[in-house]
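Participant: The hints should help you fit chain L onto chain R, whose structure is shown.
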Amino acid sequence: MDKFSRLTATACPINQANLNTDQILPARYLKWTRAMGLGKVLFQDLRFDAEGKEKSEFPLNKPAWRNARILVAARNFGCGSSREAAVYALYDYGVRVVIAPSFGDIFSGNAVQNGLVTAIVSDEEAAKIMAALEHTPELPVTVDLERQTIVCGNLYNFTIDPARRMRLLNGWDDIALTESYRDKIAAFKAQDRTQRPWAAPSAKA
Amino acid sequence: MTEPKTLIDKLWSAHEILRREDGDSLLWVDRHYVHEGSFHAFDKLAERGVKAAEPGLTFAVADHYVPTRGSRTNIAVPEIARMVRQLEENTAKHDVKLFGLGDPRQGIVHVVGPEQGLTLPGLLIVCGDSHTSTHGALGAYAFGIGASEVAHVLMTQTIWQKRPKQMLISVEGRVAPGVGGKDIILSIIAHIGADGATGCAVEFAGSAIRALSIEGRLTLCNMSIEAGARCGMVAPDAATFAYLKGRPYAPAGEEFDKAVDEWAQLVTDDGAEYERQVSLDAARIAPVVTWGTSPEDALPIDAFVPDPAREPDEARAKYLRDALNYMGISPGRKLTDITVDRVFIGSCTNARIEDLRAAAAVLAGRTSKVPGLVSAGSSLIKRQAEEEGLDRIFRDAGLEWGESGCSMCVGINGDVVAPGERCASTTNRNFRGRQGPGARTHLMSPAMVAAAAVTGHLADVRPLLAGRKV
Numbered sequence: 001m002d003k004f005s006r007l008t009a010t011a012c013p014i015n016q017a018n019l020n021t022d023q024i025l026p027a028r029y030l031k032w033t034r035a036m037g038l039g040k041v042l043f044q045d046l047r048f049d050a051e052g053k054e055k056s057e058f059p060l061n062k063p064a065w066r067n068a069r070i071l072v073a074a075r076n077f078g079c080g081s082s083r084e085a086a087v088y089a090l091y092d093y094g095v096r097v098v099i100a101p102s103f104g105d106i107f108s109g110n111a112v113q114n115g116l117v118t119a120i121v122s123d124e125e126a127a128k129i130m131a132a133l134e135h136t137p138e139l140p141v142t143v144d145l146e147r148q149t150i151v152c153g154n155l156y157n158f159t160i161d162p163a164r165r166m167r168l169l170n171g172w173d174d175i176a177l178t179e180s181y182r183d184k185i186a187a188f189k190a191q192d193r194t195q196r197p198w199a200a201p202s203a204k205a
Numbered sequence: 001m002t003e004p005k006t007l008i009d010k011l012w013s014a015h016e017i018l019r020r021e022d023g024d025s026l027l028w029v030d031r032h033y034v035h036e037g038s039f040h041a042f043d044k045l046a047e048r049g050v051k052a053a054e055p056g057l058t059f060a061v062a063d064h065y066v067p068t069r070g071s072r073t074n075i076a077v078p079e080i081a082r083m084v085r086q087l088e089e090n091t092a093k094h095d096v097k098l099f100g101l102g103d104p105r106q107g108i109v110h111v112v113g114p115e116q117g118l119t120l121p122g123l124l125i126v127c128g129d130s131h132t133s134t135h136g137a138l139g140a141y142a143f144g145i146g147a148s149e150v151a152h153v154l155m156t157q158t159i160w161q162k163r164p165k166q167m168l169i170s171v172e173g174r175v176a177p178g179v180g181g182k183d184i185i186l187s188i189i190a191h192i193g194a195d196g197a198t199g200c201a202v203e204f205a206g207s208a209i210r211a212l213s214i215e216g217r218l219t220l221c222n223m224s225i226e227a228g229a230r231c232g233m234v235a236p237d238a239a240t241f242a243y244l245k246g247r248p249y250a251p252a253g254e255e256f257d258k259a260v261d262e263w264a265q266l267v268t269d270d271g272a273e274y275e276r277q278v279s280l281d282a283a284r285i286a287p288v289v290t291w292g293t294s295p296e297d298a299l300p301i302d303a304f305v306p307d308p309a310r311e312p313d314e315a316r317a318k319y320l321r322d323a324l325n326y327m328g329i330s331p332g333r334k335l336t337d338i339t340v341d342r343v344f345i346g347s348c349t350n351a352r353i354e355d356l357r358a359a360a361a362v363l364a365g366r367t368s369k370v371p372g373l374v375s376a377g378s379s380l381i382k383r384q385a386e387e388e389g390l391d392r393i394f395r396d397a398g399l400e401w402g403e404s405g406c407s408m409c410v411g412i413n414g415d416v417v418a419p420g421e422r423c424a425s426t427t428n429r430n431f432r433g434r435q436g437p438g439a440r441t442h443l444m445s446p447a448m449v450a451a452a453a454v455t456g457h458l459a460d461v462r463p464l465l466a467g468r469k470v
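From first to last, the protein sequence lines are chains R and L.
One point on numbering: in the numbering used here, the residue at position 175 of the first sequence is 175, and numbering is uninterrupted.
One point on numbering: in the numbering used here, the residue at position 363 of the second sequence is 363, and numbering is uninterrupted.
Excised from the complex, chain R in its bound form (with noise of 0.2 angstroms):
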């Protein structure tokens, strides 16, 4: 997984409460596999009409937001199904962070896996930097990871998991942690088995 720590990017807003995956990734696209370009169909359906038509008026089909590489968007972004190609279409598509004052937990979660990163900023801030990109749509946009901060005209905190973020600076490869614990893990396992035996499946079955 790619580290990430300072990005200043293009950054699109998209001013939709409780935009979820199903959004994000149509359905129908599941079946891809990521090879195939999932970054093409990223929001498909808010972008493109029946025809294959672009919506103009979707922002990130405007000019200025075409090549965003930070979304901000509104509550609850990335809530519903706990598809992981979604995460997959908005990284292929190039973006690396999404701003929202909350994102669904399934999302944030499959984000850190792939190098996505969350920031979270209150409904006030969220609303602020969208108001300021609307007014000035090229206007650069800095997310530094390491100070937890998004320099849009003004200077704003942002918060992120703490493992979270420590995962995304330093790129960590979750299975190669959780193998430098194999110990514990057999440890558990044993013990656990005289304490619920009931846990494991029946062998009657």
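Treat the hints with care, since some could be wrong.
Said to hold, decoys possible - In silico lysine to aspartate or glutamate, DMTMM-like type, Cα no more than 25 angstroms apart, as pairs:
#: 1; chain 1: R; residue 1: Lys128; chain 2: L; residue 2: Glu311
#: 2; chain 1: R; residue 1: Lys31; chain 2: L; residue 2: Glu275
#: 3; chain 1: L; residue 1: Lys93; chain 2: R; residue 2: Glu179
#: 4; chain 1: L; residue 1: Lys165; chain 2: L; residue 2: Glu275
#: 5; chain 1: L; residue 1: Lys318; chain 2: R; residue 2: Glu54
#: 6; chain 1: L; residue 1: Lys10; chain 2: R; residue 2: Glu54
Note that these hints are calculated values from the structure, not bench results.
Facilitator: Leaving out everything else, chain L in the frame of chain R:
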């Protein structure tokens, strides 16, 4: 005296292998359920050239992509056939038990787990599906995860989690006849919002929750994710133990009795504290339907569609306009004036035997004014419903009696609602395009879907139940 603990505390500490300084805990996973959509994770194992660490604790079900209409032995769409075949290959390779097509126990993973006695109180259960919260109904700590985490669990049988905040949602009193688990959970979501429980593990409690059948509790916990909750659960009780007794994978005989002694301890101690508490009055809950594009857009059936013009907050007004525009509904209308084009009874939320009986009680001797599909939550439930003659009631009403699977809830297996069509549905998500591109979904209970079927519009089921045995 030891400090009083919540049910969530007890489940958490029973699975915590270690906690790092940064606050992340490594948890032991008792059951891991996989389905066709888990292919990304199996691919990750293949890349590393490793096998599943604990295949005996991993169970697979073919549900998301299996057709629920038409041939299941010769699946018409090659891409869908490939998804089902891929699961068969991956589970065979890793020695994982599969309830596949043709297995009489096949069904929706969140129906099959409890039905087979794989889901038990006190277990930690994960699955690459957000509705894994369902299993909390039996007193398990169960949550949905993404593909990378599925791969991690397959490789290590553990998962990293941060200890969540704890939230108690209590519903006290008695619900009116015709009101059930679906109405309760939709009312809760409308009350706290689609992110009202984000970051929280939720315990549902109170006399109205206790009075719910296990099926009702499964519906309740199923949709806790729609309030943003990490997981939702109900403390196991006599109803839970009675439900589990004799299930194939549950402990049997003396072992079952010993397990019950331990499961009975899985309750919140007096004086234990939650970070957040919410309470609802059961008597005030009416049959509920959704009108918009988020499960929080739910209202009692006798209410009116919101009017953006009367909304002082501009952001909220825009949200209402967008939602009503997508749904094709004019502001301020009576909910009961909204006509439907189709009905669907199924999904991990509401396709258990009790759900089918509730819908059949309304439909018996009546005709549906619109086409519709009924898909049982598992093949065993399908058979039971046929033994009870419920399939005949559905067919006689003019509805299609399908096979079991995720069906018209996910829009990926061939069963979709057409663009612009309005569907009264027992499912869990009214998201734009969820049941197919352009589909318009109204969520409600099975009885309320049956009411919509016989009237052709959103309708209060209660008058239709007059004089009927429910």
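Participant: Could you work out which of the previously given hints the structure breaks and list their numbers from low to high?
Facilitator: 2 and 6
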